[in-house]
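Protein chains in written order, with my numbering: chain X, 6 to 308; chain A, 9 to 325; chain W, 434 to 969.
No false leads were slipped in.
Cβ pair distances, simulated, as ranges:
| hint | chain 1 | residue 1 | chain 2 | residue 2 | range |
| --- | --- | --- | --- | --- | --- |
| 1 | X | Ala51 | A | Ala14 | 47 to 55 angstroms |
| 2 | A | Val192 | X | Leu284 | 26 to 34 angstroms |
| 3 | X | Asp67 | W | Val658 | 52 to 60 angstroms |
| 4 | A | Trp98 | W | Lys571 | 28 to 36 angstroms |
| 5 | X | Ala74 | W | Ala927 | 25 to 33 angstroms |
| 6 | X | Val138 | A | Ser77 | 23 to 31 angstroms |
| 7 | X | Ile166 | A | Ile301 | 29 to 37 angstroms |
| 8 | A | Thr84 | W | Asp506 | 50 to 58 angstroms |
| 9 | X | Leu137 | A | Asp135 | 38 to 46 angstroms |
Read the hints as simulated data drawn from the structure, not as lab findings. Backbone N, C-alpha and C fix where the C-beta goes; we use that ideal spot for every residue, glycine too.
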Amino acid sequence: MAVRPVGAEIELTLPAATRRRDSLGAALWRFIRKKPLGAAGGLLMAVMLITAVFADVLATHDPIATDAAHTLAAPSGEHWLGSDHLGRDIYSRIVHGARVSLIVGLASTLLGSVLGGIIGLLSGYVGGKTDLVSQRVLDILQGLPLLVLALVMSASLGPSIQNVVIAISIPIIPRAARVIRSSVLTIREMQYIEAAGAVGVSHLRIAFRHILPNTMGPFIVLCTAQLGSAILVEATLSFLGLGVPEPYPSWGRMLSVSAAEYAQKAPHLVLFPGIAISLAVFGSNLLGDALRDTLDPRLRGSS
Amino acid sequence: MKTYIAQRLAIAVLTLFGMSVVIFVLLRLAPGDIVDILFASAGYVNAAEKQAILKDLGMDRPYWAQYVSWITQILTGDLGKSYRYDLPAWQIIKPLVPVTIELALLSLVFAVVLGVPTGVISAVRQDTTLDYVLRVISLSGLSMPSFWLAMVIILGCVTWFGWIPPLTYVSPFENFKLHVIQFVLPALAVGYRSSALIMRITRSSLLEVMREDYIRTAWAKGQNGRVVIWRHALKNAILPVVTVIGIEFAFLIGGLVVTETVFNLPGVARFLVQAILWRDYPVVQNLVMFIAIVVILSNLIVDMLYGVLDPRVRYGS
Amino acid sequence: MTARRASIVVIVLAAVLALAVSGPAVSQTPKSGGTLNITQREDLPQGFAVHETGTISTSWPAMPCLSNLVFFDPLKKVESLDTVIGELAEKWSWQDNYRNLVFFLRKGVKWHDGQPFTSKDVKFTFDMLREAPDAQGKLRINPRKDWYTNIQNVEAPDPHTAIFHLKKPQPSLLLMLASGYSPVYAAHVPPAAYRTGCVGTGPFKLKEWRKGEFVEFVKNPDYFVKGRPYLDGLKYIVIVERGTRTAALQAGKVDVAFPGETTKTTAEQLKKAVPQLVVTPYSQNVNDNIIMNVKKPPFDNLKVRLAVSHAIDRRALVQAVQQGGAVIGASMAPKPHGVFGLLEKDLIALPGYGKPAEEKDRARKLLAEAGISPQKPLKVEMVTRAIAVYVDMASFVINELKQVGIEATLKQVETAQWHPMATRGEYQIGANLTGIGPDDPDANFFENYGCGSPRNYSAYCNEEIGKLIDAQSQELDARKRMQLVWDIQKKIEAEASRPILDWKLDYFTVWPHVKNLIPHQSIYNFGRMQEVWIDK
Numbered sequence: 006m007a008v009r010p011v012g013a014e015i016e017l018t019l020p021a022a023t024r025r026r027d028s029l030g031a032a033l034w035r036f037i038r039k040k041p042l043g044a045a046g047g048l049l050m051a052v053m054l055i056t057a058v059f060a061d062v063l064a065t066h067d068p069i070a071t072d073a074a075h076t077l078a079a080p081s082g083e084h085w086l087g088s089d090h091l092g093r094d095i096y097s098r099i100v101h102g103a104r105v106s107l108i109v110g111l112a113s114t115l116l117g118s119v120l121g122g123i124i125g126l127l128s129g130y131v132g133g134k135t136d137l138v139s140q141r142v143l144d145i146l147q148g149l150p151l152l153v154l155a156l157v158m159s160a161s162l163g164p165s166i167q168n169v170v171i172a173i174s175i176p177i178i179p180r181a182a183r184v185i186r187s188s189v190l191t192i193r194e195m196q197y198i199e200a201a202g203a204v205g206v207s208h209l210r211i212a213f214r215h216i217l218p219n220t221m222g223p224f225i226v227l228c229t230a231q232l233g234s235a236i237l238v239e240a241t242l243s244f245l246g247l248g249v250p251e252p253y254p255s256w257g258r259m260l261s262v263s264a265a266e267y268a269q270k271a272p273h274l275v276l277f278p279g280i281a282i283s284l285a286v287f288g289s290n291l292l293g294d295a296l297r298d299t300l301d302p303r304l305r306g307s308s
Numbered sequence: 009m010k011t012y013i014a015q016r017l018a019i020a021v022l023t024l025f026g027m028s029v030v031i032f033v034l035l036r037l038a039p040g041d042i043v044d045i046l047f048a049s050a051g052y053v054n055a056a057e058k059q060a061i062l063k064d065l066g067m068d069r070p071y072w073a074q075y076v077s078w079i080t081q082i083l084t085g086d087l088g089k090s091y092r093y094d095l096p097a098w099q100i101i102k103p104l105v106p107v108t109i110e111l112a113l114l115s116l117v118f119a120v121v122l123g124v125p126t127g128v129i130s131a132v133r134q135d136t137t138l139d140y141v142l143r144v145i146s147l148s149g150l151s152m153p154s155f156w157l158a159m160v161i162i163l164g165c166v167t168w169f170g171w172i173p174p175l176t177y178v179s180p181f182e183n184f185k186l187h188v189i190q191f192v193l194p195a196l197a198v199g200y201r202s203s204a205l206i207m208r209i210t211r212s213s214l215l216e217v218m219r220e221d222y223i224r225t226a227w228a229k230g231q232n233g234r235v236v237i238w239r240h241a242l243k244n245a246i247l248p249v250v251t252v253i254g255i256e257f258a259f260l261i262g263g264l265v266v267t268e269t270v271f272n273l274p275g276v277a278r279f280l281v282q283a284i285l286w287r288d289y290p291v292v293q294n295l296v297m298f299i300a301i302v303v304i305l306s307n308l309i310v311d312m313l314y315g316v317l318d319p320r321v322r323y324g325s
Numbered sequence: 434m435t436a437r438r439a440s441i442v443v444i445v446l447a448a449v450l451a452l453a454v455s456g457p458a459v460s461q462t463p464k465s466g467g468t469l470n471i472t473q474r475e476d477l478p479q480g481f482a483v484h485e486t487g488t489i490s491t492s493w494p495a496m497p498c499l500s501n502l503v504f505f506d507p508l509k510k511v512e513s514l515d516t517v518i519g520e521l522a523e524k525w526s527w528q529d530n531y532r533n534l535v536f537f538l539r540k541g542v543k544w545h546d547g548q549p550f551t552s553k554d555v556k557f558t559f560d561m562l563r564e565a566p567d568a569q570g571k572l573r574i575n576p577r578k579d580w581y582t583n584i585q586n587v588e589a590p591d592p593h594t595a596i597f598h599l600k601k602p603q604p605s606l607l608l609m610l611a612s613g614y615s616p617v618y619a620a621h622v623p624p625a626a627y628r629t630g631c632v633g634t635g636p637f638k639l640k641e642w643r644k645g646e647f648v649e650f651v652k653n654p655d656y657f658v659k660g661r662p663y664l665d666g667l668k669y670i671v672i673v674e675r676g677t678r679t680a681a682l683q684a685g686k687v688d689v690a691f692p693g694e695t696t697k698t699t700a701e702q703l704k705k706a707v708p709q710l711v712v713t714p715y716s717q718n719v720n721d722n723i724i725m726n727v728k729k730p731p732f733d734n735l736k737v738r739l740a741v742s743h744a745i746d747r748r749a750l751v752q753a754v755q756q757g758g759a760v761i762g763a764s765m766a767p768k769p770h771g772v773f774g775l776l777e778k779d780l781i782a783l784p785g786y787g788k789p790a791e792e793k794d795r796a797r798k799l800l801a802e803a804g805i806s807p808q809k810p811l812k813v814e815m816v817t818r819a820i821a822v823y824v825d826m827a828s829f830v831i832n833e834l835k836q837v838g839i840e841a842t843l844k845q846v847e848t849a850q851w852h853p854m855a856t857r858g859e860y861q862i863g864a865n866l867t868g869i870g871p872d873d874p875d876a877n878f879f880e881n882y883g884c885g886s887p888r889n890y891s892a893y894c895n896e897e898i899g900k901l902i903d904a905q906s907q908e909l910d911a912r913k914r915m916q917l918v919w920d921i922q923k924k925i926e927a928e929a930s931r932p933i934l935d936w937k938l939d940y941f942t943v944w945p946h947v948k949n950l951i952p953h954q955s956i957y958n959f960g961r962m963q964e965v966w967i968d969k
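Use the sequences and the hints to build the structure in full.
Spelled out as structure tokens, the structure:
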């Protein structure tokens with residue numbers, strides 16, 4: 006990736022705060038026109054959010070109520086997406102599963118990103134020994150593949166929704182810290198920051214008033230990217246039996262144990278939860294890419 | 009250059025030490041140990057017998073003593089004894105390693121073979137329908153859970169062909185054709201996801217390079233478009249692709265875990281999950297360290313390559 | 434040809450045709466040869482150390498390698514005292530009013546490593562099992578110690594005779610010795626060696642155990658039953674993923690399913706895809722039950738316990754959770770599967786077997802007497818193991834209890850924690866699964882309902898019932914014994930310390946070319962494989 010002259014970037018990466026003169030609506034419309042794929046992603050995420058929030062209203066049945074008379078029913082008027090081996094309505098379970106996936110995904114992403122962001126901010130701004138030490142600590146956390154670390158954490162902490170959130174957030178911390186730190190490093194060098202320091206503005210004020218807002222762009226991009234991977238990791242953990250426990254319906258757990266076994270009689274058992282996961286992650290990836298393009302053209306990436 | 013390498017190696021060793029502590033502590037945080045699981049398989053609990061077994065396995069010593077003896081063991085090349093199988097850990101892991109390595113390499117090959125050309129096409133035909141279609145397909149690869157893809161493949165095989173790939177390892181010397189069949193499907197399942205990432209990176213870095221002045225100059229000078237792309241643009245765009253391949257190797261492990269489980273391949277990743285569930289500390293600790301070493305090494309190699317290929321970045325941060 | 438002769442020819446032809454068509458009724462001659470591929474649900478927990486585990490994952494693949502003194506006839510579906518045949522023992526005889534059991538051992542039997550089998554091995558094994566003070570061998574885990582507490586000592590007067598001297602008469606001892614859980618270990622092999630290998634006298638010799646992948650056996654040419662086994666080899670293939678297991682059976686990659694792992698729905702699906710598969714439903718001798726800690730409130734109150742039992746609609750559970758693949762029964766496996774099951778009229782008189790609405794009303798009344806009402810509901814925590822099959826059952830029960838005013842939250846406990854937690858009584862109410870070796874009251878009652886037994890998770894102790902259990906163990910008259918066993922079952926359900934919910938059925942599935950593999954009413958006792966042959 007080519008090195009660009011720093012000065013030329015100042016105008017483009019001034020905090021979004023100074024551009025708030027545009028109305029939100031106009032900015033949104035511009036976004037939809039310029040980045041249709043991203044808008045589609047945003048729509049998917051919005052649908053997921055609405056589904057999660059209004060799950061009780063949108064669901065047609067109680068997601069944990071069994072119905073012995075209608076096990077493995079094909080999609081019909083009664084069960085829109087069919088029923089599973091215990092007679093539970095799959096559509097309702099997917100709707101409630103959205104709530105679980107979103108909560109776990111958002112919570113772990115935010116937890117990991119915020120913690121990592123703080124570490125990155127401090128490490129990048131203070132520099133010196135703090136930076137060196139924290140970098141090594143992050144190396145350690147990052148040296149382990151996401152899934153392996155989440156697996157060990159999940160096995161260590163035991164099956165509960167809080168523990169799954171913690172388990173998934175830990176691997177996110179180093180990744181978040183890295184991104185924020187590199188962003189901070191670049192901003193720190195800018196002349197107006199140096200000027201502020203020369204004039205005598207306190208470090209804390211500089212850090213939070215000037216640097217932090219500029220990292221918002223990369224932070225948002227990071228969050229949306231990690232959200233997708235958090236949802237995937239939660240699904241995988243649930244599939245392996247180490248994720249969110251009953252009675253919360255989890256898309257990943259819907260695919261484990263019974264789904265593959267009864268798949269030939271009832272393929273909808275395997276198809277719909279998998280499609281749900283894919284769509285959610287797909288949406289978050291699309292949105293993340295488009296946001297990255299809009300908020301921080303320097304990081305214009307792989308979209 | 010030499011000091012750079014020495015520096016990186018020193019840091020790597022420190023990181024590994026730190027990791028060993030983290031893993032050691034994390035595992036012992038987990039409630040229940042191997043003895044509890046052994047008793048679970050017997051269906052009852054007896055405190056006296058439990059103490060005896062703990063003593064036998066050396067697990068009644070204080071934690072720091074266990075840690076020290078583990079580290080000294082590794083440094084002398086002794087990978088300890090599996091709590092579950094009562095055999096040297098290395099003896100059990102040895103036949104599993106080639107399986108996982110072969111699967112990982114094959115997946116990477118698929119990923120590159122699928123990802124690079126589609127990335128090039130997508131970049132060259134930027135913003136056309138073809139570009140959009142390819143981007144959507146590749147993004148779906150990143151969005152699909154790999155265990156789901158693996159499941160769908162196996163179910164498809166058994167439903168439409170009444171057949172599934174072999175369930176026990178078929179060595180290439182035993183039956184090459186069957187061996188290939190056994191590995192191709194899981195490699196595709198894992199590789200599809202990696203190919204998506206590689207496609208995206210190829211596309212974006214190629215796009216950036218294509219905007220560079222020297223490319224435009226070459227075009228202006230009248231050089232053949234295709235030659236320009238392949239000779240100049242790709243050469244420079246390769247850099248981030250190599251980086252990603254190095255990073256992907258680490259991400260692969262996640263996909264390998266579930267794929268090996270669903271396809272029943274006797275690899276290291278599947279074994280790791282079982283070992284974690286069994287609290288087989290020696291095996292888990294050593295396997296995780298092994299993975300960490302592989303990841304750190306591959307990062308190091310990638311950084312070296314980066315330094316070699318791009319003189320501007322030789323002396324790193 | 435005359436009309437008469439013609440009609441004779443037609444009749445003869447018809448008869449021949451009828452005989453040919455009724456083929457299967459005519460017994461086929463077993464063919465030798467072939468290797469059988471068998472499903473193994475997970476890697477062996479402790480290798481082949483049957484005496485140190487209590488799980489089918491160990492005994493299923495270990496059975497071909499080992500031998501018992503006596504065993505259940507593999508070809509008879511319903512096990513009982515009448516189907517016990519000799520393996521290492523040629524003859525046996527009870528002496529002194531069922532106080533001494535004398536075994537006359539087979540001569541010329543060799544262990545797989547060539548050493549001769551003698552009565553020394555029998556004494557070694559059972560001294561070790563009952564933890565005799567002078568036992569030569571020691572097990573590091575001994576789950577079935579209480580099976581052998583009644584043995585005073587084991588005598589080996591000569592190399593081919595072994596005598597069990599009992600403290601009290603116990604006809605059931607023979608049944609327990611016939612279970613897959615009672616093989617004979619070799620005296621010259623340290624017991625720990627069975628965790629990594631298998632030195633037995635069984636029909637198959639261990640060839641290789643590739644950890645996590647498969648276990649391979651080859652025919653034992655020196656097996657003490659001439660002409661057996663028919664098969665050349667066995668391969669137990671480890672498949673952990675359920676979906677892959679089913680797919681493997683369907684695709685023919687394995688010929689035999691794993692006992693206890695094929696539900697009714699899966700079997701239906703398999704049959705639809707491959708109509709020629711042979712499915713045999715049988716009771717696994719595994720029951721679902723509710724354990725309640727009687728030492729702590731609220732379940733120290735009999736009324737509350739009874740309310741729980743009344744509230745759970747057994748038949749609905751069978752339909753909802755097992756999809757019809759289970760049968761209702763009390764603490765002994767129900768007829769026609771089990772021998773000691775209660776009669777129909779007695780079963781439906783037990784709490785929880787009547788009309789659901791009436792039963793729930795009864796439950797509410799009982800709770801009201803205990804001071805619990807919808808205004809003042811009872812809040813408890815239900816524990817269960819973190820495995821889907823347990824969780825489904827627990828969720829159903831929680832739903833049932835909710836309807837009578839008991840609000841339970843579900844807590845999943847990992848495998849490693851389950852037994853310690855249950856044994857220490859650190860729970861209020863739990864959804865549990867119990868597997869029993871042989872279908873015998875001695876094997877069941879002492880372990881699960883005896884005072885102070887580690888697997889009596891409810892910590893329930895009732896002297897009267899304890900006396901009855903002792904009495905039936907020593908009862909020599911079969912009919913009197915049956916009465917006692919029925920009595921015990923009724924009393925146990927009336928005390929509701931461990932209400933039985935259902936007995937699970939397994940739909941054992943094999944490919945049609947697999948012959949003579951007949952499931953019994955206990956998954957632990959039919960895996961020896963020496964009568965099995967392949968028709969190909």
